[in-house]
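Protein chains in written order, with the working numbering: chain A, 1 to 114; chain B, 1 to 114.
Just so you know, the hints here were simulated from the structure itself, not pulled from any lab data.
Fair warning: this is a prediction, and the values are worked out from it, not measured in the lab.
Take the hints with a grain of salt, since some may be wrong.
No copy is singled out in the list; a pair is fine if it fits within one copy or between any two copies.
Said to hold, decoys possible - Straight-line Cα separation of at most 25 Å, SDA-like style, residue types lysine to any residue; simulated pairs:
# : residue 1 : residue 2
1 : K66       : L42
2 : K66       : S34
3 : K66       : H4
4 : K66       : L98
5 : K66       : L101
6 : K66       : W94
These are the residues of each chain, in order.
Protein chains: 2
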Amino acid sequence: MLNHEAEATDRVFHALADPNRRAVIERLTRGPASVSELAAHLGVTLAATVQHLRVLQDSELVQSEKAGRVRTCRIDPSGLRNAEAWLHHQRTTWEHRLDRLGAVLDDRPKESGS
Amino acid sequence: MLNHEAEATDRVFHALADPNRRAVIERLTRGPASVSELAAHLGVTLAATVQHLRVLQDSELVQSEKAGRVRTCRIDPSGLRNAEAWLHHQRTTWEHRLDRLGAVLDDRPKESGS
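Bound-form chain A, shown alone (with noise of 0.2 Å):
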């Protein structure tokens, strides 16, 4: 794995690490918010909000934009996926080699019960 990319990895595990955050992301996906929504839904400070979605967005889990007064938030879908292919790699390549195991178990000679 490149640098840069554990490091883009890095990030998104550590926004994740945190509860407010993953609520963020939790209420997103059912459609966009504005920063005090946010608020509200987390039950913090204005402030506070924004500091959990700077975290979200360096780490490419949400986006956001600024229409007059109104600051929107939306899902990234590229953290999503990068964390989730990452996993994914994990749990597979582990599978696999049990399934190897299982074939090279099942081909031994059987001994004769006795």
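On the provided structure of chain A, position chain B as indicated by the hints.
Quick look at chain B alone, frame taken from chain A:
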């Protein structure tokens, strides 16, 4: 999500946010390894490796057992499945919302060309 589930999810994502801990998982998906093999693979001290393994075991990503003087580590699939399930759920919720949005747009009366 219940509190203890959220805490387990926090721990898994926190564990995965470190490149050395991800390197341990990538190594173990190809087969079990001793602590000293993992330290050599990472190029870090035994003490640092033990510290990383503690975080990985607390988050149910790795399990280990000691036979004589050798501790052998292997993948614990629970943590990987937990994290992958959370990400999969978010991505599919988001995609289904996009699909429904697409269906609504397709059903709109077409503007007549002129």
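Results of checking the hints against the structure:
no.: 1; hint: K66 to L42; in the structure: within (21 Å within a copy, 44 Å between copies)
no.: 2; hint: K66 to S34; in the structure: within (9 Å within a copy, 52 Å between copies)
no.: 3; hint: K66 to H4; in the structure: neither (29 Å within a copy, 36 Å between copies)
no.: 4; hint: K66 to L98; in the structure: between (50 Å within a copy, 21 Å between copies)
no.: 5; hint: K66 to L101; in the structure: between (55 Å within a copy, 22 Å between copies)
no.: 6; hint: K66 to W94; in the structure: between (44 Å within a copy, 21 Å between copies)
Going down the numbered hints, you'll see the structure goes against just number 3.
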